[in-house]
Structures are given as structure tokens and as C-alpha cells.
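There are 2 protein chains.
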Amino acid sequence: MNSRYLPDHIETPCVVIDVDIVDRNIRRAQDYLDEHGVMSRPHIKTHKLPKFAHRQIEAGAIGITCQKIGEAEVMADAGIGDILITYNIVGTAKLQRLRRLAQTCRLTVVADSEQVVRGLSETFATAAVELSVLVECDTGQQRCGVQTSEQAAHLATFIDAAPGLLFDGFMTYPPKKSHERVNQFLQRAVELCESNKLEVNTVSNGGTPDMQNSHLVSCATEHRSGTYIYNDRSLVESGDCKLADCALAVHATVVSRPTDDRMIIDAGSKVLTSDPMGLTGFGHVVEYPKAAIRELHEEHGIVDLSNCVGTLPNIGDIVQIIPNHACVVSNLFDRVFLRHGDGRIEIQDVACRGQVW
Amino acid sequence: MNSRYLPDHIETPCVVIDVDIVDRNIRRAQDYLDEHGVMSRPHIKTHKLPKFAHRQIEAGAIGITCQKIGEAEVMADAGIGDILITYNIVGTAKLQRLRRLAQTCRLTVVADSEQVVRGLSETFATAAVELSVLVECDTGQQRCGVQTSEQAAHLATFIDAAPGLLFDGFMTYPPKKSHERVNQFLQRAVELCESNKLEVNTVSNGGTPDMQNSHLVSCATEHRSGTYIYNDRSLVESGDCKLADCALAVHATVVSRPTDDRMIIDAGSKVLTSDPMGLTGFGHVVEYPKAAIRELHEEHGIVDLSNCVGTLPNIGDIVQIIPNHACVVSNLFDRVFLRHGDGRIEIQDVACRGQVW
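These protein sequences, in sequence, are chains A and B.
So the first sequence is numbered by the working numbering: it starts at 88 and just counts up by one.
So the second sequence is numbered by the working numbering: it starts at 88 and just counts up by one.
These aren't lab readings, by the way, just hints derived from the structure by calculation.
Please note that a few of the clues may not be correct.
Identical copies go unnamed one by one, so any copy, or any two together, can satisfy a pair.
Unchecked claim - Computed list of lysine to any residue pairs in SDA-like fashion (alpha-carbon distance at most 25 Å, straight line):
| id | residue 1 | residue 2 |
| --- | --- | --- |
| 1 | K264 | E382 |
| 2 | K263 | D391 |
| 3 | K138 | M126 |
| 4 | K138 | G441 |
| 5 | K138 | D169 |
| 6 | K329 | A146 |
| 7 | K263 | Q228 |
| 8 | K329 | D297 |
| 9 | K264 | H384 |
| 10 | K138 | Q435 |
| 11 | K263 | P363 |
| 12 | K263 | R349 |
| 13 | K263 | G368 |
| 14 | K138 | F420 |
| 15 | K264 | R349 |
| 16 | K264 | C306 |
Based on the provided sequences and hints, a complete structural model is requested.
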């Protein structure tokens with residue numbers, strides 16, 4: 088990546104995304120999943136751009152994953168035909184929006200309790216289309232999800248009997264490095280269903296970290312990954328990608344050099360976020376790899392240059408930052424800049440940004 | 088604060104602001120500054136709402152503080168007449184916007200280096216109005232700012248001689264609990280200027296933490312504070328306010344109860360942010376004060392209920408969260424809900440949100 092392609096009229100702080108790297112990242116993940124016979128259903132929470140969702144589908148994905156109804160509404164409106172919302176949908180207003188959304192695309196949601204299933208069923212019992220539902224399984228992440236294979240199979244039967252709903256299978260967001268346990272949990276749930284003559288069409292696994300070993304969850308039929316399209320510092324540090332695979336960079340201006348070993352950049356926590364992702368510091372400075380972004384105030388990044396050698400940055404210089412976590416950064420910007428291979432810069436509204444509802 | 092005032096059609100996660108508490112917080116700070124003869128120039132980075140900026144001025148503030156030109160443009164457009172931007176303005180595009188902005192309000196900026204001053208001077212030498220400039224002083228925060236009183240006075244003289252600029256005084260964002268050192272730094276800079284026959288009109292101090300002792304910086308003529316209007320968990324924990332002084336709460340829905348001691352709410356790091364502010368956990372749950380928001384994923388808040396006694400939350404319940412840091416939360420929402428004393432809910436666009444440039 089090279090900031091010489093950033094025209095003068097584009098002000099910092101801004102997000103610049105290298106489209107060639109995006110394409111490479113999409114291709115690599117799709118090839119891996121193709122090789123193992125697993126379908127791809129990328130999570131759009133990372134990019135929030137219909138343009139990239141279409142690109143993922145053109146590369147071979149069967150559909151997309153969203154976390155919010157608002158994201159799914161934007162994506163369906165942009166012509167995406169197959170959407171999984173991996174979130175318990177709770178509350179009258181949201182359920183009504185879900186019912187409307189189901190008329191515009193092939194829609195699947197998840198549930199991890201009878202209460203959530205009852206809300207879905209009451210909403211879809213009188214709807215024109217049935218709603219597909221996956222049972223969310225907690226395979227160790229300790230987030231949402233039923234706790235055992237037996238509970239998963241029990242809830243599957245409950246969904247199967249619920250008016251307006253169609254039981255479609257299981258979904259998990261797995262903890263890292265736990266393929267064997269995840270597979271056992273899901274495999275057992277599938278077997279329990281099959282012994283009840285309940286068909287399981289989908290077993291949906293997810294995550295970008297350690298994705299290259301996700302085929303070890305051998306009962307999975309599809310994989311959801313989000314961050315892989317951009318990658319970030321956390322994935323470089325975990326060995327899941329190289330710096331050259333990072334498509335998203337924050338461009339920031341050096342606004343102060345108060346001391347020889349300190350620079351201040353115009354990217355703080357309202358740009359890079361305070362998400363540590365288990366790392367020290369808040370991003371990798373491409374031009375000064377030994378620099379440490381040691382502290383963020385809201386609009387100031389405080390950078391320690393004491394380990395840098397050679398020419399140091401001057402006030403007015405633009406530096407590129409690979410953030411710790413790409414997904415939360417693109418969530419802060421109303422628009423991002425796509426840089427194409429020929430140097431052309433394209434502005435994209437982050438259409439799903441702010442779709443918190 | 089009570090969630091019974093939230094109408095059904097308002098979906099979670101959302102930000103609800105209690106206007107009575109806002110008014111009390113504004114009044115208390117203004118009374119304190121009036122008592123000590125210090126002028127008030129609130130920082131709007133916390134609320135980003137023209138409505139509240141006007142309310143702060145009606146209560147007695149002489150003007151406002153912004154961190155970004157974009158924020159100042161929105162506020163000037165909304166009729167705010169006196170704006171200080173406490174940020175080094177660097178780069179051709181921003182300087183041209185600053186020149187246009189100076190035609191619409193009384194505008195002051197800061198600078199901490201000759202390079203920054205030169206950029207301002209080149210821009211304003213041919214402008215219809217002079218630009219007021221304060222020298223930013225690093226009194227221990229280790230962010231921007233000149234390092235000594237002597238450097239401050241030297242830069243003051245440089246500004247005074249620069250075409251198009253008017254030296255107006257000094258500005259600092261002080262570290263906590265360091266009033267004596269801050270006052271010494273600024274007082275010495277003022278004296279050096281006065282011995283050079285250079286008039287110092289403004290000494291601008293800032294910050295909400297420990298604001299009730301800021302009169303100890305006795306040479307300050309004005310005070311900038313932002314967070315005081317909403318307050319937050321960090322200020323409760325530091326003893327600067329009480330929970331009843333917190334005007335901003337995130338309303339979130341319980342979407343899962345996977346185990347007896349865990350609930351999942353629909354407010355994650357894309358709502359509460361990962362900003363720890365030196366605390367453990369990511370917010371205070373009003374209805375369950377012993378609950379611990381132990382981990383945030385992007386759209387999930389993972390809450391440990393093991394220390395709670397009595398009735399525990401159910402799926403579908405709405406809880407109110409006082410976030411660690413109010414300023415970064417309102418930055419994530421396109422609109423917030425103001426709750427008036429009579430229960431009326433008013434929707435406000437967060438007009439300065441996304442004004443990162």
C-alpha cells in the first residue's frame with residue numbers, strides 16, 4: 088500500500104481500501120472452502136458495503152450473513168437474495184420488520200431458546216412464507232447458544248413443530264483452536280435429529296481466525312467469515328495473514344511533534360477505536376514499523392517513536408495505520424475510499440453503517 | 088432514569104438522554120465557574136448536538152469548543168457565534184475550510200509549532216479577517232503542546248509577528264490532579280509575554296475530571312469541559328459525580344439467557360465501545376448493579392449475573408447501561424432520544440457525528 092495514490096483533496100483521517108487485496112482475500116478463502124466442499128456465506132459486518140457483498144457472491148458465496156435486521160434490509164434492497172441473520176430477533180417492532188424482510192429474500196435466522204422461537208412463530212404463523220431457523224449452539228465461546236447437543240436437538244424439534252417456521256439446522260460461532268470439540272457438539276446434535284427423523288440441511292460454522300483449519304469441523308456445510316476480506320493487525324499477529332494481506336488502512340496526518348520521540352496523529356479512538364484485541368498498542372504504522380501507538384484520546388493518536396531509526400516523520404506527513412480490528416473501524420465512517428489497481432479512487436458510502444437496529 | 092418512559096416503537100440498542108439531568112449538569116458547572124470568575128466554553132465533542140450547545144450558551148457559556156473543523160462548520164451553521172477549535176489545523180484543504188469558516192463566526196484555533204503557525208498565516212494573510220491563535224501547552228498530559236513556558240512565549244511572539252494572525256493567549260488540556268504545576272507553567276508563560284509587552288487575553292484550561300478544583304489554576308480565564316453534560320461511569324468511579332448525575336444511558340434488550348449466570352444484551356462494542364477508561368467491565372447496568380458486563384463482541388454484550396441477587400432478567404427485558412465513556416458512545420449513533428421531564432421523547436440527529444474531517 089502506498090499513500091502516494093491518495094489525492095490532495097481527500098482529507099485525513101480516512102479509510103482507504105485496496106481493492107486488489109480485497110479480491111485476493113476473497114479468492115483465497117473461496118478456493119479453500121471450495122477445496123473442502125464447504126459453502127461460503129461471508130459476514131458483511133466487516134465491510135458493510137453492498138458492492139463487496141456482490142463481489143463475494145460472484146466469487147462463489149451462496150449468500151451473506153448479517154448481524155442486524157437493518158444491515159439485512161440494506162443488503163436485500165441492494166439485490167442480495169440469500170441472507171442469514173445470526174442473531175436472536177426479539178421484540179415486536181423487529182419481528183414485524185423481519186416478516187416484511189422475508190418477502191424480499193431467502194431469509195434464515197437463529198434462535199437459542201423457546202422464548203425466541205415463540206416470538207418468531209407468532210409472527211410467521213400468518214405470513215405468506217415460512218421462516219428458516221437454525222439453532223444457535225454455544226460450542227465454547229460463552230456467548231449465545233444452547234449449552235448441549237441434547238438441548239440443540241430438543242429446540243430443533245420445538246422449531247419443527249412451531250407454525251410458520253422451518254427447522255433448517257445448526258449454527259455456531261466457535262472459540263479459537265477447538266475444532267474437535269465443536270465438531271463433536273454439532274455432529275452429536277445432527278445425529279440426535281436424524282434419529283428423530285428430523286432433517287438437518289445446514290450446519291453453519293464461522294470465524295476468520297484459524298479459518299484455514301475450519302475443515303476440521305467436518306460436519307459443517309457452510310462457513311461464515313467476516314474480517315478475512317480486509318484482515319487487520321490482530322490477524323497478522325495471530326499468524327492468520329501477512330501485512331501485505333491487509334486491505335484496509337487508516338490514513339492519518341502528523342499534526343504535532345512535541346518531542347523528538349513523540350508524534351501526534353489525527354486518528355484517535357473515534358477512528359481506530361480502543362479495541363485492543365489482546366495486543367499492545369492500537370495499530371501498525373506502515374511507514375514506521377517500530378513506532379508504537381501507545382495511547383488514544385478521542386481525536387489524537389499518541390505515537391512513541393523512540394524505537395524508530397532513520398528519518399522521522401514531520402508535521403504534515405501522512406502515515407498509514409493498519410488497525411487492530413478492521414470491523415469496528417469501518418463502522419465509524421460514513422464513507423470509505425476504494426483504491427483500484429490503476430490508482431483510481433472510488434468513494435463508497437458505508438451503506439450499513441449506523442444500522443444498529 | 089426509568090425505561091418505562093421508552094415507547095414500544097423505539098428499538099434497542101439506543102441512546103436515551105435525560106434532559107432534566109442535562110440541565111442540572113450544565114447549571115452546576117456554570118455556577119461553579121461563575122463563582123470563581125472563570126468563563127465557560129464547553130466542548131461539544133460529547134453531545135455533538137446544536138440544541139445542547141445553544142442550551143450551554145443560554146446558561147452563560149461565552150462560546151463552544153470543537154475538536155474538528157467539521158464539527159465547527161455544523162455548529163456555526165446552527166448559529167453558534169464563538170468557536171474555539173483546540174486542534175492543530177494542518178493541510179491545504181482544511182486550511183481553506185478554516186478560512187471560509189472564519190467568515191461565519193468568531194473563530195480561534197491553537198498551534199504548538201512554527202510549522203502549524205506558518206500554514207495558518209499563509210492562509211489568513213490575504214483573508215478579510217484575522218485569525219485568533221492560542222499556543223497549546225503540554226502541562227503534563229504528553230499529548231500536543233510546547234514543552235516549556237519559554238517555548239510558549241517564543242511561539243506567542245512568532246504568532247504575533249505572523250501576517251493574518253492575532254496572538255490571543257494559551258491553552259492546555261491538563262493531566263489530572265496537577266493544578267499547581269499547570270498554573271506555574273501557564274503563569275510563567277503569561278509573565279514572559281507581558282515582559283515582552285505582548286498582551287495575553289485568554290488562558291484556556293479544560294477537562295471534566297476534577298473540574299471542581301480547576302479554580303486552583305488561578306491564571307485561567309476560561310474552562311473547557313465536555314463530558315460533564317452527560318457524565319458517565321468513569322466519572323462516577325472517580326468520585327466526580329453520582330449515578331443520578333448520569334444523563335446518558337444505552338437501552339439494550341436481553342436477547343439470550345444461555346445459562347443461569349449469563350445474559351446477552353444487544354449492545355456490544357459497536358454501541359458501548361471497547362474504551363475501558365481504566366475500569367473493569369464495560370458499563371453499569373442500572374437495574375442489576377451487581378451485574379458485570381465482562382466482555383463485548385461487536386453486537387453482543389456478555390453479562391455475568393453471578394453476583395446478582397433476587398429476580399434475574401428475562402429474554403425481552405430492557406436494561407439501561409451507563410457506559411464507561413459517554414463521548415465515544417454518542418459518536419456511534421446517527422440519532423439519540425431526549426427524554427423530557429413530562430415523559431415526552433424527542434428524536435435528535437447527532438448533527439456532528441461522522442464529522443471526522
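The hints, checked one at a time:
1. For a Cα distance limit of 25 Å, the shortest separation of K264 from E382 across copies, 19 Å, qualifies, whereas the shortest one inside one copy, 31 Å, does not.
2. In the homo-oligomer, the alpha carbons of K263 and D391 lie at most 25 Å apart only across protomers (21 Å), although the nearest pairing inside one protomer, at 32 Å, exceeds that limit.
3. For the homomeric pair K138 and M126, the shortest alpha-carbon distance inside one copy (20 Å) is at most 25 Å, but the shortest distance between copies (50 Å) is not.
4. For the identical chains of this complex, K138 and G441 are neighbours both inside a copy (17 Å) and across copies (21 Å), given an alpha-carbon limit of 25 Å.
5. In this assembly of identical chains, K138 and D169 lie within 25 Å of each other by CA distance solely inside one copy; the values are 15 Å within and 42 Å between copies.
6. In the homo-oligomer, the alpha carbons of K329 and A146 lie at most 25 Å apart inside one protomer (22 Å), although the nearest pairing across protomers, at 54 Å, exceeds that limit.
7. With identical chains, the CA atoms of K263 and Q228 are at most 25 Å apart within one copy only, with a shortest distance of 8 Å there and 39 Å across copies.
8. Taking the shortest alpha-carbon separations for K329 and D297, only the intra-copy value of 14 Å comes in at or below 25 Å, while the best inter-copy value is 45 Å.
9. Proximity of K264 and H384 under a CA criterion of 25 Å is satisfied inter-copy only: 18 Å between copies versus 34 Å inside one chain copy.
10. Proximity of K138 and Q435 under a CA criterion of 25 Å is satisfied intra-copy only: 9 Å inside one chain copy versus 30 Å between copies.
11. For the identical chains of this complex, K263 and P363 are neighbours both inside a copy (17 Å) and across copies (24 Å), given an alpha-carbon limit of 25 Å.
12. Taking the shortest Cα distances, K263 and R349 sit within 25 Å of each other only across copies (21 Å), while inside one copy they are farther apart (36 Å).
13. Taking CA atoms no more than 25 Å apart as the test, K263 paired with G368 passes in both settings, with 22 Å inside one copy and 22 Å between copies.
14. Proximity of K138 and F420 under a CA criterion of 25 Å is satisfied in both settings, with 16 Å inside one chain copy and 24 Å between copies.
15. In this assembly of identical chains, the alpha carbons of K264 and R349 lie at most 25 Å apart only when taken from different copies (23 Å versus 38 Å within one copy).
16. For the homomeric pair K264 and C306, the shortest alpha-carbon distance inside one copy (16 Å) is at most 25 Å, but the shortest distance between copies (59 Å) is not.
When each numbered hint is compared with the structure, no violation occurs for any of them.
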